[in-house]
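Undergrad: As given, the protein sequences belong to chains A and B, one line each in that order.
Our numbering numbers the first residue of the first sequence as 1 and each following residue consecutively.
Our numbering numbers the first residue of the second sequence as 1 and each following residue consecutively.
Since the hints were derived computationally from the structure, they do not count as laboratory data.
In silico PhoX-like pairs for lysine-lysine, Cα to Cα no more than 20 Å straight-line:
1. K101(B) / K36(A)
2. K19(A) / K67(A)
3. K101(B) / K71(A)
4. K67(A) / K101(B)
5. K22(A) / K44(A)
6. K101(B) / K52(A)
7. K101(B) / K41(A)
8. K44(A) / K3(B)
To give an idea of the interface, some chain B residues facing chain A are shown, with a C-beta separation under 8 Å as derived from the structure:
9. G43
10. H49
11. L102
12. F104
Away from chain B, derived, C-beta distances all over 12 Å, residues of chain A:
13. P8
14. L11
15. Q14
16. G16
17. G28
18. P61
19. H73
20. S86
21. T113
This one's a predicted model, so the numbers in the text were calculated from it and none came from an experiment.
Every residue gets a Cβ at the ideal spot worked out from N, C-alpha and C, and that includes glycine.
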Amino acid sequence: DTAVSQTPKYLVTQMGNDKSIKCEQNLGHDTMYWYKQDSKKFLKIMFSYNNKELIINETVPNRFSPKSPDKAHLNLHINSLELGDSAVYFCASSQHKLAQGNEQYFGPGTRLTVT
Amino acid sequence: DAKTTQPPSMDCAEGRAANLPCNHSTISGNEYVYWYRQIHSQGPQYIIHGLKNNETNEMASLIITEDRKSSTLILPHATLRDTAVYYCIVRPTAGGTSYGKLTFGQGTILTVHP
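Isolated chain A, as found in the complex (with noise of 0.2 Å):
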């Protein structure tokens, strides 16, 4: 069983269109993110929620907009789409643990190319 899964693996889309990314946790975690990875490799977080409450959200343009129906989804819809949109983006889980570490699993990635 994978524990977290992303819909669709690849999208490839045209400027200004409106796209959804899904992503799905098995794993029983209550807290989710996204990630960014551009060309250059580089990752960088997006959004964080902790029970369906957004609790990190970086500079990131607000055509980019999560949604989490409950603890083990956590969507990102993305209108307007631009050029410069065109990444990885990375879903990752882990369980929220006061004082002491937690390490976060990570899904397969979306591949978004912006034609």
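Dock chain B against the given chain A, drawing on the hints supplied.
TA: Here is chain B on its own, set in the frame of chain A:
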């Protein structure tokens, strides 16, 4: 979060131990050292983490110096499948405003050759 410094690349012969260094001289007392790796085209994979003591699991060992300003990840018997980018990350415990945020640097490209 404290910054880390890693060599950009390293080589290792298959079957030998791979020792990947990381400097984190500005680490704070409540910050953990984490290691992740990313095999080509896959999502990052958690390897190990530690606070003060050395740690070992089925994948690797983590040696943290007494002053906590540097650490070494050891893959005891490297295989070709261990070829990947290895990231050393320091971050606070799960409380606080950073709340689980992982800040990835450029990492070390480890190439294991036959």
